[in-house]
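> Sequence:
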Amino acid sequence: MAQPSSSPSVASFEGFRAWVDDPTIISTPTPYVLAAAFAVAVLFLFQGQKSTSPIPHLNPRNTLEFTDTHRKKDFLTRSRAMLDAWFRDHPDKTVRVIGDTGEVTVLPPHLTNEIRNDPRLSFSRWVYKGFREGSRESHIVQGVIMKDLTKYLNKVTEPLAEETALVVEEQYPASDNKAWHTTHLRESMLRVVSRVSSRVFLGDEVCRNGDWLNVTRNYTVNGFRGAEELRLWPGPLRFFAHWFLPSCTRARADVREARRILNEVLEKRRALKQSGEVEFDDAIEWFEREAKGRDYDPAVVQLTLSSAAIHTTTDLISQVMMDLCSNPEIIDELRQEIVRALTEGGWKKTTLYSMKLLDSAIKESLRMNPTGIISLRRVAEDNIRFSDGTFVPKNGIIAVSAQNMWDPKTYDKPNEWDGRRFLRMRETPGQENTAQLVSTGPEHLGFGHGQHACPGRFFASNEAKVVLIHLLLKYDWRLVKGAPPPKIQHSGFSLSADPTIKLEYRRRTPEIEI
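Mapping of the sequence shown onto numbering that gives the first Met the number 0: position 421 corresponds to residue 420, and the numbering continues sequentially without gaps.
None of these hints come from the bench; they were simulated from the model.
On a predicted model such as this, the values are computed, not experimentally measured, just so you know.
Some clues are possibly wrong.
[Said to hold, decoys possible] Restraint ranges, calculated between C-beta atoms of paired labels, are given here:
no.	residue 1	residue 2	range
1	484	112	34 to 40 Å
2	146	277	38 to 44 Å
3	511	284	32 to 38 Å
4	112	349	42 to 48 Å
5	177	109	35 to 41 Å
6	488	204	56 to 62 Å
Here a beta-carbon is modelled for each residue, glycine too, at the ideal position from N, C-alpha and C.
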């Protein structure tokens with residue numbers, strides 16, 4: 000589960016949430032509000048000044064272009080090629096681009112450690128830049144992830160395994176060990192991850208509530224789509240645009256439905272707690288404690304937590320499954336490691352930690368397909384000059400290129416998937432800890448780096464391992480014969496697993512009962 004720190008799309012989605020989740024926003028805009036917003040936007044469009052920065056610009060706006068819309072749309076399809084070419088020819092040079100969120104100064108990877116904890120660079124201002132400044136629920140979600148979810152990992156492993164066993168049987172039914180069946184990987188994995196995540200966040204009753212599962216899946220899809228669409232609009236026009244974009248309208252409906260479902264759950268819980276009959280220990284209670292009596296929206300915080308978990312974890316597991324099917328020779332070795340570890344330790348956090356080959360395979364898939372081609376996006380709160388002489392003015396947006404993850408100077412044969420790569424690194428003295436899936440550093444920015452590295456990566460790692468264990472022990476998997484090979488999808492700064500891929504599966508008898 001990646002929080003905004005690790006994903007451009009997730010973080011922009013946070014800003015989108017600030018619009019659609021706010022219960023104080025009227026459901027229909029008045030003509031006066033729209034007219035005022037439009038007038039402000041028009042003034043904004045015609046008062047922009049051409050930048051005088053000496054930093055090279057890959058796709059500058061032409062003289063007669065009054066907005067960045069054309070540049071943003073072009074960048075959506077050409078971003079990877081543009082930045083790959085630049086850093087191949089200028090590996091230590093900063094460059095500017097007009098990306099899907101506006102102009103960004105992209106720093107070379109060697110500056111990662113210099114900026115990762117710089118207090119003059121604001122992560123939160125980037126998350127909400129161009130939308131609205133902050134959201135009252137965000138600090139509650141952050142606190143719960145860091146304080147409760149990570150601390151709860153040892154207790155949550157067995158419930159994760161129980162729920163995974165149930166939902167995997169539902170999503171991948173097979174009556175015998177001979178017939179092959181076909182599944183749309185992304186769609187089925189979305190249902191698995193939303194159910195398993197909800198078991199931890201909301202308990203076994205709500206996680207099997209069909210209405211709630213539909214809301215969390217739909218809100219994740221509509222939310223990210225809405226964020227992508229809004230990023231193409233100039234900041235002042237977003238208040239105008241979000242009323243009419245179908246994805247935003249659907250997301251508002253999702254929030255209303257989530258409030259209806261959770262209000263019923265909360266009323267029942269309060270009655271039970273007052274009677275002293277039951278104690279709860281899940282995300283509903285964690286949020287109550289973290290709020291400390293302050294007013295907050297339970298539906299919004301649950302949707303925020305679920306969306307972060309569902310989007311990134313679904314993508315990661317899907318990518319791992321595609322890579323394993325493309326490299327099936329490693330699967331038997333993975334199964335042997337899994338069986339040995341579970342036989343010795345059972346469903347515990349330490350058992351998952353001991354599965355070093357599985358950990359390595361997941362980290363390699365994340366290296367090949369992180370959530371973005373950049374990381375560590377920030378807004379400068381003052382004029383800043385970095386050690387290489389790069390100057391960024393106050394309010395400028397910066398990011399660090401993730402190019403190290405595909406650089407032959409960093410990794411041998413970086414364009415080839417090698418599931419044992421990080422296992423070999425962990426066996427090298429001095430790299431025992433840095434090569435773990437949850438470890439971050441300039442060479443692997445899959446979960447970001449520094450004080451804003453993804454706080455949910457420990458839970459995401461365990462959840463991904465539990466799901467993969469069930470998939471690998473209970474089924475054989477293969478790519479559909481004759482189908483095009485999986486291709487990583489590029490959209491602006493964001494990367495994602497191929498959403499079109501179907502896999503074939505066949506039931507097998509697991510070596511141990513799980």
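> So, for every hint listed, does it hold in this structure?
Comparing the hints with the structure gives:
Taken as a hint, the range 34 to 40 Å holds for the pair residue 484 and residue 112, whose Cβ atoms sit roughly 36 Å apart. Take residue 146 and residue 277: their Cβ atoms lie about 23 Å apart, and the range 38 to 44 Å is violated. Hint check: residue 511 to residue 284, Cβ distance near 34 Å, so the stated range 32 to 38 Å holds. Between residue 112 and residue 349 the CB atoms are about 31 Å apart, so this pair departs from the stated range of 42 to 48 Å.
At roughly 55 Å, the beta carbons of residue 177 and residue 109 sit outside the given window of 35 to 41 Å. In this structure the supplied range 56 to 62 Å is violated for residue 488 paired with residue 204, their Cβ-Cβ distance being about 36 Å.
Checked against the numbered hints above, the structure violates hints 2, 4, 5, 6; every other hint is satisfied.
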